[in-house]
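Q: For reference, the chains in residue letters:
2 protein chains.
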Amino acid sequence: MPALDNFWAVIPAGGAGTRLWPLSRRSSPKFLHDLSGSGQSLLQDTWTRLAPLAGDRFLVVTGRAHQHEVREQLPAVGPDGVLAEPSPRDSMAAIGLAAALLERADPDAVMGSFAADHVIRDDDAFGESVRLAVGAARDGWLVTLGIDPTFPSSAFGYIHLGDDLAGHPGAYAVREFVEKPSTATAETYLATGDYRWNAGMFVVRPAVLLDLLAEGDAEFAATLREIAQDVSRLDELWPRLPKIALDHAVAEPAASAGRVVVVPASFGWDDVGDFDSLAALLADVDANPDAHGPRVLGDASLVRSVDSTGLVVPRSGRVVAVVGLDDIVVVDTPDALLVTTRAHAQQVKQVVTGLQQDDRGDLT
Amino acid sequence: MPALDNFWAVIPAGGAGTRLWPLSRRSSPKFLHDLSGSGQSLLQDTWTRLAPLAGDRFLVVTGRAHQHEVREQLPAVGPDGVLAEPSPRDSMAAIGLAAALLERADPDAVMGSFAADHVIRDDDAFGESVRLAVGAARDGWLVTLGIDPTFPSSAFGYIHLGDDLAGHPGAYAVREFVEKPSTATAETYLATGDYRWNAGMFVVRPAVLLDLLAEGDAEFAATLREIAQDVSRLDELWPRLPKIALDHAVAEPAASAGRVVVVPASFGWDDVGDFDSLAALLADVDANPDAHGPRVLGDASLVRSVDSTGLVVPRSGRVVAVVGLDDIVVVDTPDALLVTTRAHAQQVKQVVTGLQQDDRGDLT
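Residue numbers (our numbering), protein chains in the order written: chain A, 226 to 589; chain B, 226 to 589.
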């Protein structure tokens, strides 16, 4: 299949991945790491998945601290394809900047925004969903991909599907975006069959996105367009931009106004939010899931286990022995070691917060 | 209190401490380490405890690989006080060699043999017990110290007490030594009040020990005395010595013959056999046992814990974070990391065996 005409892949590459400490750090966030066992980083996986659709039309938006490593990891993108934010200002500013630049660069552009740190199992199915979404986006819709939920997660927001979208088989109106529900509420969502996970994937014409933003915050959209007109003013204007997520700034109000459509998709998606989901992911992709012992992300010859299951990440070169522990998580790096369980994976954040409070932010 | 006349402290310093891997190694066994949190090694603790009783009369018997470090750790003992075994031949050969040398050096010697890797909490009470034992040993008895059992352990042998020893208040005849019992049998022992733990502590005149040995194995005793007569023959004669524990070679048969007495003692004893007992030991000595978090052997500032208990040994300089784990054991060394639980502490041996089988004996 050829690349999609005028389709631009936008990759916001931000976030520290605090719950994946000490593997993920502020200085080396999770998108720079191989968490899927693919042999390349999540960022490189994202590029690999999008290159057949976008050709050489990429814009990666990342923090200044990471721009060098992003360029090293993505030589094919080229220096102009990597935008460095002066400071983190959440997803609306990052994706909005890309939209403003593309609006000027290519009047026929359709952009698709996909986070740098998600895992997708079926790249072909992903590509099919994006093609559908691009078709609807060309007609002026803000299109989101809605992931088939595989369990009643309370960790993700949901998209409530409405009617079929005329002229675009496979696409549906969005009734509303709903915030992370309780597990019980999520169960009722799954029972209806009308809800999908919101993975923050948007396909849209840049001008449409900015015009939708302007309806709620005209100055925000105008400032983004000013920057695009004269990028030498980036440092001056950037601090004026509100810190807000694209979901809140655009997607939710636009859905209420009937301007958003969704392409339901099932290509095996995970945001690898914590070590529990990482362990599940590696168990899924493991060639031999019945094998004894914990899953290993890295050099399995370093891991010695006796009567144990879970996840071991040996990243310091040392031997790691695990004895008599189920669903254990051991992450061994050169300057810090984490031991927890899959069930307590969310609490890892507390360690990072504690280190920062105790002037050990150097380790985070 | 002055030192005891002609009392010699014999310290067999051997054993790899396999169940304390990776803290204890063949190349660096547990007696060379600070496991009690005292600030000095178990070997140095043993010297400190015995010096008030023995003055400068020490014989430490250790492996050739460790003689250098033993001498460094015990400068007060002097080079002649450290005997290097050509090869490990179990406790009868090691302690018997010391006995043969002392028999020649000091006709009035009484020797007390105490392992280099045990922890004793009350050094004064220990000293009192040894004084009692020395009195009985001067009268020709093989005297053992019998530890008040604090729980029905299946990990120790027991000493069955008999009648009072006339002329030596506080000493009793030994009916028999019994091998490690089941927990149920141990419970019946404790209920009678007539059983003590066998900690392998013996006080005896050297000639008495060798003569008792000769009753069962005349050649063994004769060979030890030949070595003492001409120590230049050590390498030649040593390999002829049987590999047998002193308990089996002398103590058990002598008890059957009514030649052994016991001084019951309660001074807080532990052989620190595994990480479970090490964790219990550190919980006991902790100044603030109600404190949250795991016990730490080493620099507590390296350990970050959230909702966890157990034992952390941070020995690599790295930060160790433990989240949501009860009775966890984490031992962090520069080349190997162990994660287990107190309940599985015995299985650590399997890791060591596995490493040796897989040509990673360098780590053991």
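The reader is advised that the hints may include incorrect statements.
As the list makes no split between identical chains, a pair holds if one copy fits it or if it spans any two.
Keeping only pairs whose Cα atoms sit at most 25 Å apart, straight-line, the calculated SDA-like set for lysine to any residue is [what the hints assert, rightly or not]:
no., residue 1, residue 2
1, K405, G303
2, K574, D532
3, K468, T273
4, K574, A391
5, K574, A505
6, K574, G352
7, K405, H393
8, K574, H517
9, K574, H393
Treat the hints as calculated values from the structure; they're not laboratory data.
In this text the structure is predicted, and so the values were computed from the model without any measurement.
Q: Take the hints in turn and mark each one as holding or not.
A: Outcome of the hint check:
1. K405 - G303: neither (37 Å within a copy, 72 Å between copies)
2. K574 - D532: between (28 Å within a copy, 13 Å between copies)
3. K468 - T273: neither (30 Å within a copy, 65 Å between copies)
4. K574 - A391: neither (45 Å within a copy, 68 Å between copies)
5. K574 - A505: The answer is within: 19 Å in one copy meets 25 Å, while 30 Å across copies does not.
6. K574 - G352: Cα proximity of K574 and G352: none, with 34 Å in one copy and 51 Å across.
7. K405 - H393: For K405 and H393, neither the intra-copy (28 Å) nor the inter-copy (78 Å) Cα distance is at most 25 Å.
8. K574 - H517: Classified as between: cross-chain Cα gap 19 Å, same-chain 29 Å, threshold 25 Å.
9. K574 - H393: For K574 and H393, the Cα distance exceeds 25 Å both inside one copy (43 Å) and across copies (64 Å).
Hints 1, 3, 4, 6, 7, 9 from the list above are not met by this structure, while the remaining hints are.
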